[in-house]
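Peer 1: If you use numbering that gives the first Met the number 0, the sequence shown closes out at 684, no skipped numbers anywhere.
No lab work stands behind these hints, which were simulated from the structure alone. A virtual CB, placed ideally from N, CA and C, is assigned to each residue, including glycine. Treat the hints with caution; some may be incorrect.
[What the hints assert, rightly or not] SDA-like cross-link-like pairs, simulated, lysine to any residue; straight-line CA separation at most 25 Å:
(1) LYS144 to VAL575
(2) LYS646 to GLU633
(3) LYS448 to MET29
(4) LYS511 to PHE673
[As the list claims (entries may be wrong)] If you anchor each label on the Cβ, the simulated ranges turn out as follows:
(5) LYS520 to SER81: 45 to 55 Å
(6) GLU211 to LEU545: 37 to 47 Å
(7) THR540 to ASP496: 11 to 21 Å
(8) THR99 to LEU624: 33 to 43 Å
(9) ASN310 to ASN609: 57 to 67 Å
(10) GLU80 to LEU596: 52 to 62 Å
(11) CYS547 to ASP496: 13 to 23 Å
(12) LYS368 to LEU596: 38 to 48 Å
(13) LYS479 to MET660: 49 to 59 Å
(14) LYS234 to ASP424: 19 to 29 Å
(15) PRO625 to CYS547: 36 to 46 Å
(16) LEU664 to GLU64: 43 to 53 Å
(17) PHE467 to LYS234: 49 to 59 Å
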Amino acid sequence: MSSNAGGAATNAGIGFQQRISALFLTHMFMDVVFIDDLGMDKNSKIVELKFESNNEIDDLVIKTEQSTILIQAKRSITCSESESSEFYKVIKQFVSQYLTNANSNDRFVLATTSKSSSKITVELKKILESIRSNDKGFLNNPLNKSEQDVLRIVKKNIASNYKDITNKPASDEVVNSILELSHVSVIDIEEGMPLEKAILILISGKVSVLPELFWSNLINIGLTLSKKRSSINLKGLEARVGKFIEQEKKENGQNNSLDFTLKGGISSGREVLIIESFSEEFDFMIVELIRFEDDGENRLSFSNNKVELKNGDEWNVIYRTSTFAGVERYIKENKGIFETAKVAILEINSDESVDEMNVAKSHSELCLKLINENTAPFECIICGDDISDDRSPIIEIDEIGLPHNVGLAHRGCLSPLHRILGVIDSELFRSNKNLVNFNYDKWYLLSVKGQGLFSSLAMLPKSLKPLFWKPDYNSLSKGKYCIKINLDDGSSRYVQDRGRIQRETISSAKDKSQWFNERFKAASDENNPHCYTSDSGIFTTYSHALQCKKDNESILICKDAEPVLFTRAIDKSHSVFERCYAPLMIFLDKENGLPILTNDAMIFLSNPINVDSFIRNWELAGVALPPFTVSIIESDEEFDKLIINLKKDEVTVLIDPEIDMNGQLVSGLIVEDFNDMETLIEKYS
Numbered sequence: 000m001s002s003n004a005g006g007a008a009t010n011a012g013i014g015f016q017q018r019i020s021a022l023f024l025t026h027m028f029m030d031v032v033f034i035d036d037l038g039m040d041k042n043s044k045i046v047e048l049k050f051e052s053n054n055e056i057d058d059l060v061i062k063t064e065q066s067t068i069l070i071q072a073k074r075s076i077t078c079s080e081s082e083s084s085e086f087y088k089v090i091k092q093f094v095s096q097y098l099t100n101a102n103s104n105d106r107f108v109l110a111t112t113s114k115s116s117s118k119i120t121v122e123l124k125k126i127l128e129s130i131r132s133n134d135k136g137f138l139n140n141p142l143n144k145s146e147q148d149v150l151r152i153v154k155k156n157i158a159s160n161y162k163d164i165t166n167k168p169a170s171d172e173v174v175n176s177i178l179e180l181s182h183v184s185v186i187d188i189e190e191g192m193p194l195e196k197a198i199l200i201l202i203s204g205k206v207s208v209l210p211e212l213f214w215s216n217l218i219n220i221g222l223t224l225s226k227k228r229s230s231i232n233l234k235g236l237e238a239r240v241g242k243f244i245e246q247e248k249k250e251n252g253q254n255n256s257l258d259f260t261l262k263g264g265i266s267s268g269r270e271v272l273i274i275e276s277f278s279e280e281f282d283f284m285i286v287e288l289i290r291f292e293d294d295g296e297n298r299l300s301f302s303n304n305k306v307e308l309k310n311g312d313e314w315n316v317i318y319r320t321s322t323f324a325g326v327e328r329y330i331k332e333n334k335g336i337f338e339t340a341k342v343a344i345l346e347i348n349s350d351e352s353v354d355e356m357n358v359a360k361s362h363s364e365l366c367l368k369l370i371n372e373n374t375a376p377f378e379c380i381i382c383g384d385d386i387s388d389d390r391s392p393i394i395e396i397d398e399i400g401l402p403h404n405v406g407l408a409h410r411g412c413l414s415p416l417h418r419i420l421g422v423i424d425s426e427l428f429r430s431n432k433n434l435v436n437f438n439y440d441k442w443y444l445l446s447v448k449g450q451g452l453f454s455s456l457a458m459l460p461k462s463l464k465p466l467f468w469k470p471d472y473n474s475l476s477k478g479k480y481c482i483k484i485n486l487d488d489g490s491s492r493y494v495q496d497r498g499r500i501q502r503e504t505i506s507s508a509k510d511k512s513q514w515f516n517e518r519f520k521a522a523s524d525e526n527n528p529h530c531y532t533s534d535s536g537i538f539t540t541y542s543h544a545l546q547c548k549k550d551n552e553s554i555l556i557c558k559d560a561e562p563v564l565f566t567r568a569i570d571k572s573h574s575v576f577e578r579c580y581a582p583l584m585i586f587l588d589k590e591n592g593l594p595i596l597t598n599d600a601m602i603f604l605s606n607p608i609n610v611d612s613f614i615r616n617w618e619l620a621g622v623a624l625p626p627f628t629v630s631i632i633e634s635d636e637e638f639d640k641l642i643i644n645l646k647k648d649e650v651t652v653l654i655d656p657e658i659d660m661n662g663q664l665v666s667g668l669i670v671e672d673f674n675d676m677e678t679l680i681e682k683y684s
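With the hints as extra help, turn the sequences into a complete structure.
Peer 2: As structure tokens, this is what we get:
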């Protein structure tokens, strides 16, 4: 009987390689930096991608302004000295690349997933990080047996390949030089994983088609370029996918970070005001005024919702804009006020084009400069909160006592003296009306090393589960020690909390190590020792590990615990993520800005792209939210503070809840106090 297991594995590997390619195509196209362990400078910009290149490390070559990153992609790989192994072949590529006159700005990267052996994803990664940083801890903390074996294998593979290629022995200096250029990067980019979800959210903020379609298109582009052994730069990528960019963004060009269109440019030569009438014959007046003298001096001054003319007259301003089109738009939006009102129109009595005055054109250039230099273009320049509302106004702040500024503002933040220059026209915002004031870029950057909890939940079937949260978690500890757990195969793990290495003082590390050792002995005496599963890293008892481990996983029994010096290398190789819970999205009452409580519960969402689906589910059960905006919980510390206050008020905390038509919860997470775990076990069993 034949088997296609090998073919399936090969296809999975190819799929991983193309997803890696699509990831970096996204980064080049969206102009964001991949914050990971590739050795890239945080300000790097990708200028070119080469696929299946002529380099020795050939899967993907990333050219940045500062360096060259050469990637060999392996979805799953083990540490082996066998000459027929994938690992041996990867090291051969690294050695061959080194011999092509590699320089210190090159990076040799083995990109893989958490499905690979921990000897690669943890131990080799730690060793390489220590060598690159000349980490004193690498010398102070002797390598455990497993790490020694990994280092021996990789050095042997380097030496063997070097001799095969050059017919000369590799010196220690050569071996260390190759190791210093080498990196292991764990990139879990497979379907449904949090990183892929984050990418889809980032893409949805830039394109006019379904983000899933755009992402699939990038994967196909990577596959095509790989088959052709070709390369692509930003201009070439834009030629292929530029048609999917929102039209107003494409017209406006790359230099305008606000991504809106000011049709006809900025009009700076006139003021068009709606004022309270100074004549009893009318209710309102629409007044057009020349803004500048020929020498550039302002003819008008604005303060306290009034405009003062050169002759000293003051008028109460209701609305201020740069064009009559802006006035027409305001009147249409406020029909109830103006339908029966008596309105006089006073226009400039001049044939001169005031917007063509040199001072007006210079002022327009200044306004455009402020727009283009804004590093946070979708933050309201009044309140600082994010904006994602279609038709949001673009305003100029120009009044006595306030610094001059130009940018977007919430409609609710406007005052009569804010000079309206135009409004944004965004299909994205119209299509995602429920993501009110949402920052797409910020969500992606937070997600890259965030939502660690949801990585483990991504592949599980939907159900209602408890999330046991620690109210006394301390993220501020900067102790110089940590606790190492030595395992029966010669490898080790480190005590973590929320996916990060737990730092201790020397005294607390000693006390906790003793505490672990006492429990290890007691459990071993009962023939049910504590252990870790080899790949997923679950810490549990032997009997429970037998039930939850995968078929291809081993059970690694805990031998003892000991305090060791905390190092950067240990942290980078063993800390799985930077945020366990964050980012998360919450709903805020549009009127008062406070979190919305529904049936004495507060809702968090882990994937904003599904917000419409969740809201429809709740509405079918008769649960409707009041008018709202959304906000991002950016850190676990922010999450903790909010949960502590909610628990004090006995508010139920739900993450991604779905309910049936009778209002009963059927899936999602219920946040429970970790200290109440024993009393709640029966409730959820």
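Peer 1: All hints are to be evaluated individually against the structure, with a verdict given for each.
Peer 2: Here's how the hints hold up against the structure:
1. About 22 Å separates the Cα atoms of LYS144 and VAL575, which keeps this hinted pair within 25 Å; it holds.
2. Of the pairs offered as hints, the one joining LYS646 and GLU633 holds, with about 20 Å between alpha carbons and a cut-off of 25 Å not exceeded.
3. Taking the CA atoms of LYS448 and MET29, the gap is about 18 Å. The hint holds against a cut of 25 Å.
4. Of the pairs offered as hints, the one joining LYS511 and PHE673 holds, with about 19 Å between alpha carbons and a cut-off of 25 Å not exceeded.
5. Taking 45 to 55 Å as the suggested C-beta distance range, the pair LYS520 and SER81 does not conform, at roughly 38 Å.
6. Our hint of 37 to 47 Å for GLU211 and LEU545 holds, since their Cβ atoms are close to 39 Å apart.
7. Separated by about 20 Å at the C-beta atoms, THR540 and ASP496 satisfy the suggested range of 11 to 21 Å.
8. Taking the beta carbon of each, THR99 and LEU624 are about 60 Å apart, not inside 33 to 43 Å as hinted.
9. Range check, ASN310 to ASN609: Cβ separation about 60 Å, and the 57 to 67 Å hint holds.
10. Remark: the range hint 52 to 62 Å for GLU80 to LEU596 is upheld by a beta-carbon distance near 60 Å.
11. For the hinted restraint 13 to 23 Å between CYS547 and ASP496, the CB-CB distance of approximately 21 Å keeps it satisfied.
12. For the pair LYS368 and LEU596, the supplied restraint of 38 to 48 Å holds, since their beta-carbon distance comes to about 45 Å.
13. For LYS479 and MET660, the hinted distance range of 49 to 59 Å is satisfied, since their beta carbons lie about 56 Å from each other.
14. At about 26 Å, the beta-carbon gap between LYS234 and ASP424 stays in the expected band of 19 to 29 Å.
15. In this structure, PRO625 and CYS547 meet the distance hint of 36 to 46 Å, their C-beta atoms being roughly 42 Å apart.
16. Checking the proposed 43 to 53 Å range against LEU664 and GLU64 shows it holds: the Cβ atoms sit about 51 Å from each other.
17. Our hint of 49 to 59 Å for PHE467 and LYS234 holds, since their Cβ atoms are close to 51 Å apart.
In terms of the numbered hints stated before, the structure departs from hints 5, 8, listed from lowest to highest.
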